[in-house]
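Trainee: One-letter residues, chain by chain:
Protein chains: 2
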Amino acid sequence: MHSFQALDSQYIKINLLNVAKNYLKLKSMLKDASVVCSAVVKANAYGLGIKEVSEILHQYGCCDFWVMNIEEALIVRETSPHANIYVFQGVNGVEELKAMLHYKLVPVVSHTRQLEIINNFPNHPIEVILNFDTGIGRDGFQLEEIEQLNLKYCDIRYVMSHLSRSEIKEHPFNEEQLQAVKSLKERFPNSKFTFSNSGGIFLGQNYHFDLVRPGGALYGVNILEGKKNPMLNVVEFNASVLNHKIFNKAHSIGYGGTYKVNKGDKVLILNTGYYDGYRRVLSNKSRVYAEGFYLPVIGVVSMNLTAVDANQLPDELFHTIKNVELIGEKITIEEIAKLANTDQREILTNLQYNCKRIYIK
Amino acid sequence: MHSFQALDSQYIKINLLNVAKNYLKLKSMLKDASVVCSAVVKANAYGLGIKEVSEILHQYGCCDFWVMNIEEALIVRETSPHANIYVFQGVNGVEELKAMLHYKLVPVVSHTRQLEIINNFPNHPIEVILNFDTGIGRDGFQLEEIEQLNLKYCDIRYVMSHLSRSEIKEHPFNEEQLQAVKSLKERFPNSKFTFSNSGGIFLGQNYHFDLVRPGGALYGVNILEGKKNPMLNVVEFNASVLNHKIFNKAHSIGYGGTYKVNKGDKVLILNTGYYDGYRRVLSNKSRVYAEGFYLPVIGVVSMNLTAVDANQLPDELFHTIKNVELIGEKITIEEIAKLANTDQREILTNLQYNCKRIYIK
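Residue numbers (full-length UniProt numbering), protein chains in the order written: chain X, 1 to 361; chain F, 1 to 361.
Careful: at least some of the hints might be erroneous.
Any copy, or any two copies together, can satisfy a pair, since identical chains are not distinguished.
What the hints assert, rightly or not - Think about it this way: if two alpha-carbon atoms lie no more than 35 Å apart in a straight line, the pair counts; the simulated DSBU-like pairs of lysine-lysine are:
1. Lys-182 with Lys-356
2. Lys-152 with Lys-266
3. Lys-31 with Lys-263
4. Lys-104 with Lys-322
5. Lys-104 with Lys-338
6. Lys-249 with Lys-263
7. Lys-98 with Lys-27
8. Lys-249 with Lys-192
Because the hints were derived from the structure by calculation, they are not lab data.
Fair warning: this is a prediction, and the values are worked out from it, not measured in the lab.
Go ahead and model the full structure; you've got the sequences and the hints to work with.
Mentor: See below:
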C-alpha cells in the first residue's frame with residue numbers, strides 16, 4: 001500500500017550557522033586582532049542569499065561587506081545599518097556617487113574614468129578603495145599608472161589588490177604579487193591594505209595585511225582543492241523521487257538514448273534537472289546519495305528530470321524512497337565541480353534562484 | 001573628455017513579439033486547423049518568464065499550456081482564466097489533486113502511484129493526460145503495463161508520449177517511436193493524442209496527431225541544428241563595459257593567467273560573468289559582438305567579470321563603447337551552446353533570474 005502524501009518538493013538547504021562558523025574559523029587564522037575579517041557577499045552571496053548571509057554574519061561580528069553594485073549594497077545596508085559596505089563595480093556616474101554617499105557606501109576605484117568622477121564631484125574628500133592590478137589582469141589600475149593618478153580628493157580606506165593563483169599554494173606568482181603589493185605599500189606608507197581572498201588567507205599571514213576578503217570559503221568551497229576541506233559544508237541540494245521505475249525490457253534512457261538499461265533494472269526518476277542548476281554536463285557522470293547508497297546518474301540530465309540507476313537499493317527502500325542528495329555532505333561541491341570541469345563557485349551561483357530554499361540558523 | 005553617465009547596466013532583452021511569431025509559424029506548419037498548437041512554458045518558460053510568455057501567447061490565440069507543477073500552473077491560470085493547463089509532474093498527493101481540480105488543471109499521469117491517487121479519489125471521472133514511455137526512458141508508463149492499468153476513473157484528454165531523438169531528423173528511432181504511438185492509438189481508438197515537441201513538428205505531419213507541444217522553438221532554439229534557424233531570435237543578453245584597458249606591459253589575464261596580452265593591447269572588461277549565466281566553460285573560447293566587430297573572450301570568465309580582446313576596435317570606438325552583445329542576433333544561442341558543449345536550452349535556463357529584464361511586446 002502506497003502512501004498518498006504530496007511529493008516532497010526539491011529544496012536547497014542553506015546552513016547559515018555553518019557560514020558563521022566558517023567566518024569565525026577564517027577570522028581565527030588571521031595574524032592578529034587588528035586584521036579585519038570582512039565578507040564577500042557579492043553575486044547574491046554566491047547565489048545563496050545576500051540578505052540572509054549578511055544578516056547572520058553581522059550577528060557574528062562581521063562589520064565589513066563587499067558587494068557587486070548599489071542594488072546589492074542597499075540590501076546589506078538594510079540589515080546592517082552601521083556596517084562598512086564596499087562596492088566592487090565602483091562608481092560609474094554622478095548620480096551613482098550621490099547615492100553612494102547618501103548610503104555611506106565605499107566605491108572601489110579601478111580606473112581613470114571612475115577617479116575623474118570622484119575628482120569632479122564638489123564635496124571632498126571621498127572615501128574609496130583604491131584598486132591596483134598586480135596580476136589578475138582584469139580590474140584595477142596598472143602599477144605604471146601611479147604617478148599620473150590624481151588622488152588628492154580621495155580618502156583611501158584601503159589600497160586593494162587581488163590574487164590570481166591563490167588556490168595553488170606553491171605557485172610562484174603568489175609571491176610575485178605579494179612583492180608588488182609590498183612595493184605599493186612603500187608608495188602608500190600610511191594607507192591600510194587589503195589583498196587576500198579566501199585562498200590568500202591560507203597562503204600565510206604575510207598575505208593578510210589590514211583586511212582580508214573571504215568569499216568562497218565562507219560558503220563551503222574547498223580552497224585546498226584535493227585535500228580535506230577545512231571549511232564546513234553550507235549547501236544541501238535535494239531532489240524528490242518522482243517515479244520508481246522497473247523496466248519490463250531493455251530500454252534506452254533520456255534524450256539521445258545515451259544509456260541502456262536491461263530488463264528488470266531499477267531506475268529512480270528525480271524531479272530535478274539542469275533548469276534547477278543540476279548541470280547537463282553531469283549526464284552519465286555524477287552520482288546522488290540516498291540512505292547509505294551512491295546511485296549513478298544515467299542518461300542525459302533533462303531540464304527538469306534526472307534518472308539514476310537504483311539497482312543497488314533493496315526493494316523495500318527502492319519503493320519507498322522519496323528524496324536524494326544531489327549536493328551536500330556526501331556529494332561535495334568539489335566533487336560536482338570536478339565532474340563538471342568548472343570552478344566550485346559556478347556550481348553555487350548556478351543553483352536555481354527560484355528553487356525552494358530552507359535557511360538553517 | 002569622458003562623459004559621466006552611469007554605467008549602462010547589463011540586461012536580458014526578451015522579445016515576446018518574436019515568441020508569438022514563432023508560435024504562429026509553428027501553428028502554420030500543422031496538418032490542419034484541427035491540430036491544437038499548445039505551448040510548453042514549464043521551467044519559468046525556459047527561464048524567460050512564464051507570466052510574460054503565457055500572457056502574450058494567450059493574446060495570440062494559444063489556449064493550451066504545459067507547466068512543471070502547481071506553482072507554475074497558478075501563474076498561468078491568473079493570466080489565462082480559461083486556458084487548458086497541463087501539469088507535467090502530475091498529481092502526487094490528495095491535497096494536490098484537490099487543488100488541481102479547484103483550478104481546473106489537468107495532471108499528466110505517468111506511473112501507477114499517480115493513477116492510484118486518482119482512482120482513490122471520491123469524485124469521478126478526473127481529466128488526465130495519460131503518459132506512455134515509447135522511448136524516452138524517463139517518465140511515462142511502459143507499453144507492457146497497459147493491461148494492468150485501471151483507467152475507468154480517468155477521463156483521458158490526451159494520450160501522450162515524448163520523442164527522444166527528434167532533433168536528428170533521419171534517426172530511425174523517431175520512426176520506431178511513431179510506430180509505438182500508432183499501436184497505442186489502436187489500443188485507445190477514441191482518444192486524442194499528443195506526441196510532438198518542437199523537433200517533432202519538423203519531423204512531418206504524421207507526427208502531429210491532435211496536439212503538438214513546442215517549447216524550445218518558441219524561444220528561438222534552433223531545432224535544425226547546423227542549418228539556418230527557422231525561428232526568430234528571442235533573447236538578447238548584453239553586458240556593460242566596465243573598463244577600457246590598454247596594457248602598459250605584457251600581462252596575464254584572469255584567474256590562473258590562462259591568456260597573455262602584450263604591451264599596448266586593448267582589452268574591455270565586461271560587468272558580466274558566470275553568475276549571470278555567461279558560462280565559465282566559454283573562457284578563451286567565445287566571442288562578443290559590438291558595433292560590427294567580433295571580440296574574442298580572453299582568460300577565464302570570472303563570477304562577475306569577463307575580459308575581451310579589443311585590439312580590432314578603432315581607438316575612438318574602443319574608448320567610448322558601452323555595451324556588447326553576449327547572446328543575440330549576432331551571437332546565437334546555438335553558437336554559445338556548441339562552445340559550451342551543451343544543449344541550447346541550458347543556455348536559456350541558466351540566465352540569471354536576478355538579471356534586469358526588458359520585455360518587448
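Trainee: Does each hint fit the structure? Answer for all of them.
Mentor: These are the hints, each one checked on the structure:
In this homomeric assembly, Lys-182 and Lys-356 never come within 35 Å of each other (Cα to Cα): the closest approach is 46 Å inside a single copy and 40 Å across copies. Taking the closest pair of Cα atoms, Lys-152 and Lys-266 come within 35 Å of each other only across two copies (28 Å); inside a single copy the shortest separation is 71 Å, beyond that limit. When the C-alpha separation of Lys-31 and Lys-263 is checked against a cutoff of 35 Å, the pair qualifies neither within a copy, at 62 Å, nor between copies, at 37 Å. With identical chains, the CA atoms of Lys-104 and Lys-322 are at most 35 Å apart between copies only, with a shortest distance of 27 Å across copies and 49 Å within one.
Proximity of Lys-104 to Lys-338 under the C-alpha cut-off of 35 Å is found in neither arrangement, the shortest distances being 40 Å within a copy and 45 Å between copies. Within a single copy, Lys-249 and Lys-263 get their C-alpha atoms as close as 4 Å, which meets the 35 Å cut-off; across copies the closest is 64 Å, which misses it. Taking identical chains as interchangeable, the C-alpha atoms of Lys-98 and Lys-27 lie at most 35 Å apart only when both belong to the same chain, with a minimum of 33 Å there against 52 Å between chains. Taking the shortest Cα distances, Lys-249 and Lys-192 sit within 35 Å of each other only across copies (27 Å), while inside one copy they are farther apart (69 Å).
Hints 1, 3 and 5 from the list above are not met by this structure, while the remaining hints are.
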